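Below, each chain spelled out in residue letters.
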Amino acid sequence: MKLSDDKIREIVLEAIDTLGEKATPDTVRKVVEEKLSSSIEINDSKKDLSSGRVILTSFGKNTTGIVSTISSCLSNNNCDILDISQKIMQEFFTMIMMIDISNSKKDFKEIQEELSKISEQIKVKIYLQHEDVFKYMHRI
Amino acid sequence: MPYEFEEILETIKMSEIEHFDIRTVTMGISLRDCSDRNISVTTQKIFEKIMRYGSRHVENAREIERRYGITITNKRISITPISIVGDAFGVDEFLLIAETLDKAATEIGIDYIAGYSALVQKGWTNGEYNLMKSIPQAMALTKKVCSSINIGSTKAGINIDAINLMAEVIKETAERTKENDSIGCAKIVVFCNAVEDNPFVAGAFHGVSEPEVTLNVGISGPGVVLEAIRSAGFVDMQALAELIKKTVFKITRAGELIGRKVAEKNNVPFGIVDISLAPTPAEGDSIGDILIAMGVEDVGAPGTTAALALLNDCVKKAGLMASSSVGGMSGAFIPVSEDQAMIRAVERGHLTLEKLEAMTAVCSVGLDMIAVAGDTPASTIAGIIADEAAIGVINDKTTAVRIIPAYGKKVGDYVNYGGLLGRAPIMPVSLLSSAKFVGRGGRIPAPVRSLTN
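Just so you know, the protein sequences line up as chains P and S, in that order. If you read the first sequence in our numbering, its first letter stands for residue 1, the second for the next number, and so on. If you read the second sequence in our numbering, its first letter stands for residue 1001, the second for the next number, and so on.
Mixed in with the good hints there might be a few duds.
[Claimed, not checked] Beta-carbon label-pair distances, calculated as ranges:
1) P:Glu91 / S:Glu1006: 15 to 25 angstroms
2) P:Glu34 / S:Asn1395: 26 to 36 angstroms
3) P:Glu34 / S:Asp1033: 46 to 56 angstroms
4) P:Glu14 / S:Glu1107: 50 to 60 angstroms
5) P:Thr69 / S:Ala1301: 33 to 43 angstroms
6) S:Glu1006 / P:Thr69: 50 to 60 angstroms
7) S:Glu1004 / P:Gly65: 23 to 33 angstroms
Since the hints were made in silico from the structure, they are not lab data. Because the structure is a prediction, the values reported are computed rather than measured. Backbone N, C-alpha and C define an ideal beta-carbon position, used for all residues, glycine too.
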């Protein structure tokens, strides 16, 4: 782990504050370890305040079983389908789904990877994008 | 469904087919606290500070990219004009700083770091002079460091001494990087009325009035505007303006969203969205093609300047509506080497340096990525810069010159950099001399419009 000079200085000052005169090598080590782990937690916490609603768009040549393959993949991953809209334009299949991934154990990236596997299998393009991009572009 | 079918498909079409991307997310980092009289302490502080804020910049931007399905082409870093940090140093020390910046950029995994800069519109300090003198070596020594020098402003006038010095610097840089088509010059921008929050490299720097750290975004999307104009057919000017505004509104909104999310992810405050339309060498991602789609036969035809003015104004109006933090350059960029339609127009002899100069009066920035013959005298380059600065000073706007006097090349040859910098045909320059005019030196006084109080 790399720490900057400033960070080290900060931890040292905090340790001095906490221990004062009573410092022994053992107590110093303990305090420093506590400070270190608390500062790492802050860095690693993946806070995401935006909603878990994402939009799935898929299109490609129409074949049987596209909707069922995609939706079973989603249900396997605990994704909730909120809305679905599907059209066949000439030979092309187009489907747009709004799904909620907040209950899924997998994160956005992992779900995206699962879907890209399916996408190769059934030969349709699948895009997964967070809802916000559509909200920002098409709603004031 | 809260969104229409067409709306969702429109967004996907923009990013997948029409090259809509976020051109750059640029993290601005203040290095003012890194100054020390000992050069090795200074370089260490600079390196550590850039790494502290920037080490996760690329990773975070990639995650946002994936989440929203919109490409972020470049992740970059801008820093405090380095002449301020190193004002006590000489040429050799500045070179050590340049190497440190290059090392930090490599470590983070970005292609450019910008801010090897000085603001000398009214005059230079000793440190600023040393910095300017060090630019040719610094550009030859490093790959990722970009330099910009502000030589004029509406409030201060035009510093002709600085222009003369920079013309020499550009010539020397061309020679020092002659093995690579004088690529060093592609990393030097000479500004007038430089802005402090510009996210676009090579001219980016983190201005002195900026906070400790901030994140600025530059959007792009000429391809989207081009497609909208093409599909609209033959409509009148008002309808055309309306169409461009609506399109740019949408891409600016997306830009603002991405910027805010990357800033949030990096835990730094969000700065501005620069709503410039910036082309890339990719086919169709071109400002020149937009002008042609608007109706001029080729870039450079009479009417080109008016078409560009209409485009630029619509971009601004839409951007202002779409974001409450518009800044930077915010206009349309017309770099020659980075835009296929512009390259073609130059090759056919339709677009000259003089017409380009007129176009820069109505769009953002100026003579950008222009290659000229290697034997162009420094005084002629100084004259070109002075003309461009005059347009900026009198019209109270940013102008810039990024000119490449390609060493050993003449009209008919090409410089070829590949990637985003593209390739440029060597353009003919007037053979009339400016030497006696710029040779007078001194400073052109600030114009009447500077007295606004």
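A quick look at each hint next to the structure:
1. At roughly 20 angstroms, the beta-carbon separation of P:Glu91 and S:Glu1006 lies within the given 15 to 25 angstroms, and the hint holds.
2. Between P:Glu34 and S:Asn1395 the beta carbon distance is about 60 angstroms. The supplied range of 26 to 36 angstroms is therefore violated.
3. For P:Glu34 paired with S:Asp1033, a C-beta distance near 28 angstroms fails the hint of 46 to 56 angstroms.
4. Under the hint 50 to 60 angstroms, the C-beta atoms of P:Glu14 and S:Glu1107, about 29 angstroms apart, miss the expected range.
5. Range check, P:Thr69 to S:Ala1301: about 54 angstroms between beta-carbon atoms, so the 33 to 43 angstroms window is missed.
6. Remark: the range hint 50 to 60 angstroms for S:Glu1006 to P:Thr69 is contradicted by a beta-carbon distance near 26 angstroms.
7. In this structure the supplied range 23 to 33 angstroms holds for S:Glu1004 paired with P:Gly65, their Cβ-Cβ distance being about 27 angstroms.
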